[in-house]
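Engineer: We have chain A; now place chains B, C, D, E and F onto it with these hints.
6 protein chains.
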Amino acid sequence: MKIAVFAGSFDPFTKGHESVVLRALPLFDKIIVAIGNNTSKNGFLSIGERIELITEVFQSETKVEIDAYEGLTVDYCKRVHANFMLRGIRTAADFEYERAVAQMNKSMLPSVESVFLLTTPELTPVNSTIVRDILRHGGDVSQFLPDKANVYKLIEKRKAKN
Amino acid sequence: MKIAVFAGSFDPFTKGHESVVLRALPLFDKIIVAIGNNTSKNGFLSIGERIELITEVFQSETKVEIDAYEGLTVDYCKRVHANFMLRGIRTAADFEYERAVAQMNKSMLPSVESVFLLTTPELTPVNSTIVRDILRHGGDVSQFLPDKANVYKLIEKRKAKN
Amino acid sequence: MKIAVFAGSFDPFTKGHESVVLRALPLFDKIIVAIGNNTSKNGFLSIGERIELITEVFQSETKVEIDAYEGLTVDYCKRVHANFMLRGIRTAADFEYERAVAQMNKSMLPSVESVFLLTTPELTPVNSTIVRDILRHGGDVSQFLPDKANVYKLIEKRKAKN
Amino acid sequence: MKIAVFAGSFDPFTKGHESVVLRALPLFDKIIVAIGNNTSKNGFLSIGERIELITEVFQSETKVEIDAYEGLTVDYCKRVHANFMLRGIRTAADFEYERAVAQMNKSMLPSVESVFLLTTPELTPVNSTIVRDILRHGGDVSQFLPDKANVYKLIEKRKAKN
Amino acid sequence: MKIAVFAGSFDPFTKGHESVVLRALPLFDKIIVAIGNNTSKNGFLSIGERIELITEVFQSETKVEIDAYEGLTVDYCKRVHANFMLRGIRTAADFEYERAVAQMNKSMLPSVESVFLLTTPELTPVNSTIVRDILRHGGDVSQFLPDKANVYKLIEKRKAKN
Amino acid sequence: MKIAVFAGSFDPFTKGHESVVLRALPLFDKIIVAIGNNTSKNGFLSIGERIELITEVFQSETKVEIDAYEGLTVDYCKRVHANFMLRGIRTAADFEYERAVAQMNKSMLPSVESVFLLTTPELTPVNSTIVRDILRHGGDVSQFLPDKANVYKLIEKRKAKN
Chain A
36 MKIAVFAGSF DPFTKGHESV VLRALPLFDK IIVAIGNNTS KNGFLSIGER IELITEVFQS
96 ETKVEIDAYE GLTVDYCKRV HANFMLRGIR TAADFEYERA VAQMNKSMLP SVESVFLLTT
156 PELTPVNSTI VRDILRHGGD VSQFLPDKAN VYKLIEKRKA KN
Chain B
36 MKIAVFAGSF DPFTKGHESV VLRALPLFDK IIVAIGNNTS KNGFLSIGER IELITEVFQS
96 ETKVEIDAYE GLTVDYCKRV HANFMLRGIR TAADFEYERA VAQMNKSMLP SVESVFLLTT
156 PELTPVNSTI VRDILRHGGD VSQFLPDKAN VYKLIEKRKA KN
Chain C
36 MKIAVFAGSF DPFTKGHESV VLRALPLFDK IIVAIGNNTS KNGFLSIGER IELITEVFQS
96 ETKVEIDAYE GLTVDYCKRV HANFMLRGIR TAADFEYERA VAQMNKSMLP SVESVFLLTT
156 PELTPVNSTI VRDILRHGGD VSQFLPDKAN VYKLIEKRKA KN
Chain D
36 MKIAVFAGSF DPFTKGHESV VLRALPLFDK IIVAIGNNTS KNGFLSIGER IELITEVFQS
96 ETKVEIDAYE GLTVDYCKRV HANFMLRGIR TAADFEYERA VAQMNKSMLP SVESVFLLTT
156 PELTPVNSTI VRDILRHGGD VSQFLPDKAN VYKLIEKRKA KN
Chain E
36 MKIAVFAGSF DPFTKGHESV VLRALPLFDK IIVAIGNNTS KNGFLSIGER IELITEVFQS
96 ETKVEIDAYE GLTVDYCKRV HANFMLRGIR TAADFEYERA VAQMNKSMLP SVESVFLLTT
156 PELTPVNSTI VRDILRHGGD VSQFLPDKAN VYKLIEKRKA KN
Chain F
36 MKIAVFAGSF DPFTKGHESV VLRALPLFDK IIVAIGNNTS KNGFLSIGER IELITEVFQS
96 ETKVEIDAYE GLTVDYCKRV HANFMLRGIR TAADFEYERA VAQMNKSMLP SVESVFLLTT
156 PELTPVNSTI VRDILRHGGD VSQFLPDKAN VYKLIEKRKA KN
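Residue numbers (the numbering used here), protein chains in the order written: chain A, 36 to 197; chain B, 36 to 197; chain C, 36 to 197; chain D, 36 to 197; chain E, 36 to 197; chain F, 36 to 197.
So here's chain A without its partners, still in its complex pose:
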């Protein structure tokens, strides 16, 4: 069984991420979208909110699972018996960093292979950090997020709670 882990902080999960998962579906039997619970970075969305949004996006995809994890990605891969790590690459700068991570992961866990897909050209500039920054300043990022992931409804809900 071909199990791929698509790990990231997904804060937020963008149209670029969605496109990578959808195009990778024919390659794998299961893709786990795994939210790395990196506590040191101060996030915009909570882990719970991210899970809620990504679940909406893939509600009709039976091969996609959503999860969150702490610790090393290679340890998580071992735990869920993944044999592949799925990655999207946008730019040459991304590539250099992705290569270092993938090659070190390979040294530590040789049974897992990193597989890369490109983002589609019109989504290449869509970068989570910039999207998050716009969100923080109250800008409209709908065009960069999956149609099914209504981050604004979520933000409303959050405000209602407080």
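Treat the hints loosely; a few may be bogus.
Since the list gives no way to pick one copy over another, a pair counts as held whenever it fits inside one copy or between any two copies.
Claimed, not checked - Result set (DSSO-like, lysine-lysine): computed pairs, CA atoms no more than 30 Å apart in a straight line:
no. : residue 1 : residue 2
1   : K141      : K183
2   : K65       : K98
3   : K141      : K98
4   : K188      : K141
5   : K37       : K194
6   : K65       : K141
7   : K183      : K98
8   : K194      : K98
9   : K113      : K188
10  : K194      : K113
11  : K37       : K192
12  : K113      : K65
13  : K37       : K196
14  : K183      : K65
15  : K192      : K98
16  : K196      : K183
17  : K98       : K37
18  : K98       : K113
Because the hints were derived from the structure by calculation, they are not lab data.
Structural biologist: Okay, now just chains B, C, D, E and F, sitting in the frame of chain A:
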């Protein structure tokens, strides 16, 4: 009327920044040097000190205005009716980031076009982050700053106050 | 008067090139699309054919002129009294080369400033060399070329002649 | 059925290429190593010799087929009903070019997805162009070629014929 | 006398760092491995622990000295009468940053020349930041560290103390 | 004895090359500027002319020798008992290529270490290919060439002969 916004944190405003503005002057009717008031980054110079320094640099240039803003750069551009964003690029790494920002800005505000000038070769290594680091350690960075921007006089003034 | 030279081999002139010229129009009083007659490279389209295609693209733009030249671009700029060179950049690799050329041009002809616009994200992969290669193999490149530039009609015409 | 085309000029097929194919085997039902017959480049090995060498490398791999083709890679993919293009990437410079090619291929043939694997770190510097150059000058490149691909036996055979 | 400073945060000192120093030994009369005491970054190993580990690595190399410093690297170089700064480069992204730093250092202290060696291919992905991250999560990084630098014994010792 | 080979096609030898050799002099006992006689590239200057020019540049430097060679650079290094290869790097694109060459050379001839110096910022854009192109079109490249290397006198001499 051709209005360009030259946005940045300018902490400090370097000879590289000065050169970009001066060479861009013939292209535009007005260039607004706009200091992004990014409160999360801990700066070396205060916003007031940065305005003071940049004002000294362009005191005889009637087409240059100095301003500070909070929030998204695209929102600021709308407010000041800018139709261009002026950017300087130094390296390929800069370029990748600048491209992502410019293309996302273009998606959000299609009426504003990003225009790039190169830094001059001898100023290519002059990087605000490194300059700020040297300043913090008490090093001499005069050769990297505009002749008219006396950051040391400013630092003296600051010490006198405390 | 702000005159920009947009120089290239344009073999063929793509949608990416068209987009750069159209977005640069508000910046300049005249843009000269100048086909560098580099005899050493073996082209797909003749200089005459390239002029014909680019003329079709900009027939309704009074600020755009089309020309061809031999020799150095800086010498051509002097001849047509240009004060700007317009360039589009797609990738970091492009950028490094463009920077070297622009900085050497600036050393030889300081009165001319290179101004860069980005290609739009969906046109970033559109690369003349690859397009030309597809054309040579009889592939369909219409989606990469300006709507008004019918390269296939031109190829038909060429075949009819022979 | 998951069919991937691994296209290239493979002049010569290196240990880097071999490693990409072997690591990609679990992902696909069939991998076609397809030698692009690009007549304009002057090669070192003939197409026949390249087929001979690559066949030796994968003689025991039932999922690997070797083929040569002329014309566009996308047309070849259609012909052999491939739904994936397999690519190895070594460096950031590679990446930029690979991205342009993959994104243009995707525009022309949306049913085929490009899938990238990294070369292993110790094989990253192994570049066909440099290997070919060393071969031409009579240097020893055995360490860069698959153990089963004896290019020197082939060169001996060739000399014997002349 | 040829004195080189090999400065870095070395948190931890990796096999990649070790390889650069060993290969540079024939070039210099003395190499000072100098730990930059950058208090703002929150480290994994204390300065004392780093000194202990690096000392173990080079205990039999009479030309290698270990030191720690605060403030600017150029000021440290002046103090120890170094005429060279030794740097290792792994990737193009590294290179761009290294170039900016080296060229600004050269402007401030023209008597010191930066000399670059490459990491060996199999050590190219070994990046201190990623290694430190793995260490923090309790992963096994022995393969990325010098054989003589037992970081785990050190961590045990640290635990024993607390 | 520390012998470095500085190999290249040097067509022409630029101010950038000169600067690298001069700054490397304190590191080595002998630097051999070695012109690779790559017959496949069609050059502008003959090997004889290049030797003549480089000889003029270093006439007063007793540690610099000028030579030309055919075949592989590693074979040349063995022949002249060099233990170092000296390289200048200008840009990230250069770096990627230089790294591949250096790492393959290291695999073939482990006793020779590649040592890299940076070009100075103002010489970074000076690229032999562009300089040669300007020379071919009769442009003035004096500012990019060593003061002592009068390429124009050489061209005059050449014309006089014909």
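Engineer: Look at each hint and say if it fits the structure.
Structural biologist: Hint by hint, here is what the structure shows:
1. K141 with K183: between (34 Å within a copy, 24 Å between copies)
2. K65 with K98: Answer is both; intra-copy 5 Å and inter-copy 23 Å each pass.
3. K141 with K98: Classified as both: same-chain Cα gap 25 Å, cross-chain 24 Å, threshold 30 Å.
4. K188 with K141: between (40 Å within a copy, 25 Å between copies)
5. K37 with K194: neither (41 Å within a copy, 41 Å between copies)
6. K65 with K141: Classified as both: same-chain Cα gap 20 Å, cross-chain 24 Å, threshold 30 Å.
7. K183 with K98: Within. Shortest intra-copy distance 17 Å satisfies the 30 Å Cα cut-off; inter-copy 39 Å does not.
8. K194 with K98: neither (33 Å within a copy, 44 Å between copies)
9. K113 with K188: Between copies only: 26 Å across, 36 Å inside.
10. K194 with K113: between (38 Å within a copy, 28 Å between copies)
11. K37 with K192: Neither, since 37 Å and 42 Å both go past 30 Å.
12. K113 with K65: both (15 Å within a copy, 27 Å between copies)
13. K37 with K196: neither (41 Å within a copy, 46 Å between copies)
14. K183 with K65: within (21 Å within a copy, 35 Å between copies)
15. K192 with K98: Intra 29 Å, inter 47 Å, cutoff 30 Å: intra-copy only.
16. K196 with K183: within (22 Å within a copy, 53 Å between copies)
17. K98 with K37: Both. Shortest intra-copy (11 Å) and inter-copy (17 Å) distances satisfy the 30 Å Cα cut-off.
18. K98 with K113: both (19 Å within a copy, 27 Å between copies)
When the structure is compared with the earlier hints, violations turn up for hints 5, 8, 11, 13 and for no others.
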